[in-house]
Amino acid sequence: MDEKRARFEAEVLPHLDAAYRFARWLSYAPGDADDVVQEAVLRAFRGFDTLRGSDVKAWLLAIVRNCHSTALKQQRRRAFVPLPEENDAQDGYAMTATTPDPENASIRRDEKRTLDRLIAALPEEHRTVLMLREIEEMDYRQIARVTNVPIGTVMSRLARSRAALKARWLQEAEGEPHAVR
Amino acid sequence: MRCAESLRVQAYFDAEVDAVSAADIERHIEHCAECRALLQDLEQVRTVLRRDSSYARTPEALRARIMGALDQESASPRPRERVSPNRRIRPFWMGALGAVGGTAIAATFAFLLLVPRLNNPLLDELVSAHVRSLMPTHLIDVVSTDKHTVKPWFAGHTDVSPVVADFEPQGYRLIGGRADYLDHQRSAVVVYQHGSHIINVFSWAGNERALPNNVTRNGYHLAFWKAGDLEYCAVSDTAWDELEGLVRLLRDIGARDGRDSAPN
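For the protein sequence lines, the chains are D and F, in the order given. So the first sequence is numbered by this note's numbering: it starts at 1 and just counts up by one. So the second sequence is numbered by this note's numbering: it starts at 1001 and just counts up by one.
It is possible that some hints are incorrect.
Unchecked claim - Okay, the calculated bits of chain D under chain F, using three or more residues with CB under 8 angstroms as the criterion:
#: 1; region: 33 to 41
#: 2; region: 111 to 125
#: 3; region: 157 to 168
Stated by the list, open to error - Quick list of simulated restraints, FRET-style, between CB atoms:
#: 4; chain 1: F; residue 1: 1022; chain 2: D; residue 2: 54; range: 24 to 32 angstroms
#: 5; chain 1: D; residue 1: 121; chain 2: F; residue 2: 1022; range: 31 to 39 angstroms
#: 6; chain 1: D; residue 1: 7; chain 2: F; residue 2: 1124; range: 15 to 23 angstroms
#: 7; chain 1: D; residue 1: 110; chain 2: F; residue 2: 1073; range: 39 to 47 angstroms
#: 8; chain 1: D; residue 1: 174; chain 2: F; residue 2: 1128; range: 46 to 54 angstroms
#: 9; chain 1: F; residue 1: 1022; chain 2: D; residue 2: 112; range: 15 to 23 angstroms
Hints were generated in silico from the structure; no laboratory data involved. Beta carbons are placed, not taken as given, at the ideal position from N, Cα and C, and that holds for glycine.
Turn these sequences into a full structure, and let the hints guide you.
Listed below in structure tokens is the structure:
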């Protein structure tokens, strides 16, 4: 293993999980995310010599976003892929089933699933900005770099996605009795 | 209709404003009920997202695939698409010969310089053993948070008797032990949990060979040290400082209790 490879592994690969999560938020389809991440890591490796500055994470995630757009263009697909059907089926099952497990745990699992579903339903450009801020804890400048939009756009997308998630979460909570269709 | 200050309030919430603007915004929030409510909403959304949203990690299969692709990439530095069109007019073999020659020379030097440190099969063994341990049901042979259970178990199942201690107060919880075949012997592995990270502490009977330097490989950190006749390596994807924190604790105990680290 040469020196470049060793440096790459030490500096870039610790952000592999962040890159993987980001790819999932972009496409929400696990298989696609795999290919995008692999392509991004290879491109990052080839361009590693040109990396300036220390913000490796934002740099790597920007490459993931590039690879994602390229893949989208190639496949001419719509940007938003809904969650697979069986998840919906599971949701319905979990809500109607009278399982004997501890109630709290089961409610908590339902909440997690509901939340994941609501996140998945956000438009991609809202979902990515929101998750980069709240889960990856990036600042506005980093998010602007990763998503390639001005900081003002980052701020308005953040505001809209937070408001939308909050509203849908409330709706879901109020509509609980009707959720069992 | 939203308050005109809502984006500034959000920036304040995200710690994106300087102290002067922050004071300004705080004054505004005092008499704007709408912005007070907004601040609560922002807090609530953040709490729910950080607590309940799925936190995906790279599947091991994908990680392995990527490492394989990187191996290929570093083994054959092909001329990439960035080569300008008129350079392509040169016969392919000239470029190829040049590249091969240059690479061969570079590779020879790299080989001479780096092989003793980087091409150490022990590193591969350790990383593989760590990754394997993270697969379902491979992590722990003896489940216990009690060192008086874990340590005697090693006596019957491994060739060494390493330092075993629980550091729960310091954030490193002992969760069990395991036997792994490593460096041609039955090595002992003490397993700790630190936050959501697993730390495997491998130990084996030392020999004359120099211990590798601390290194990061495949995204995992490996920290080495010697205590008595045993060699240790802590492996994890946790941050370096946190890994070294555990190493320090273990070394301190090993130094105090030298007989603990004698081979059986």
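Hints versus structure:
{"no.": "1", "hint": "33 to 41", "in the structure": "holds (count 4)"}
{"no.": "2", "hint": "111 to 125", "in the structure": "holds (count 5)"}
{"no.": "3", "hint": "157 to 168", "in the structure": "holds (count 6)"}
{"no.": "4", "hint": "1022(F) with 54(D): 24 to 32 angstroms", "in the structure": "27 angstroms, holds"}
{"no.": "5", "hint": "121(D) with 1022(F): 31 to 39 angstroms", "in the structure": "34 angstroms, holds"}
{"no.": "6", "hint": "7(D) with 1124(F): 15 to 23 angstroms", "in the structure": "19 angstroms, holds"}
{"no.": "7", "hint": "110(D) with 1073(F): 39 to 47 angstroms", "in the structure": "44 angstroms, holds"}
{"no.": "8", "hint": "174(D) with 1128(F): 46 to 54 angstroms", "in the structure": "51 angstroms, holds"}
{"no.": "9", "hint": "1022(F) with 112(D): 15 to 23 angstroms", "in the structure": "34 angstroms, violated"}
Of the numbered hints given earlier, the model fails hint 9 alone.
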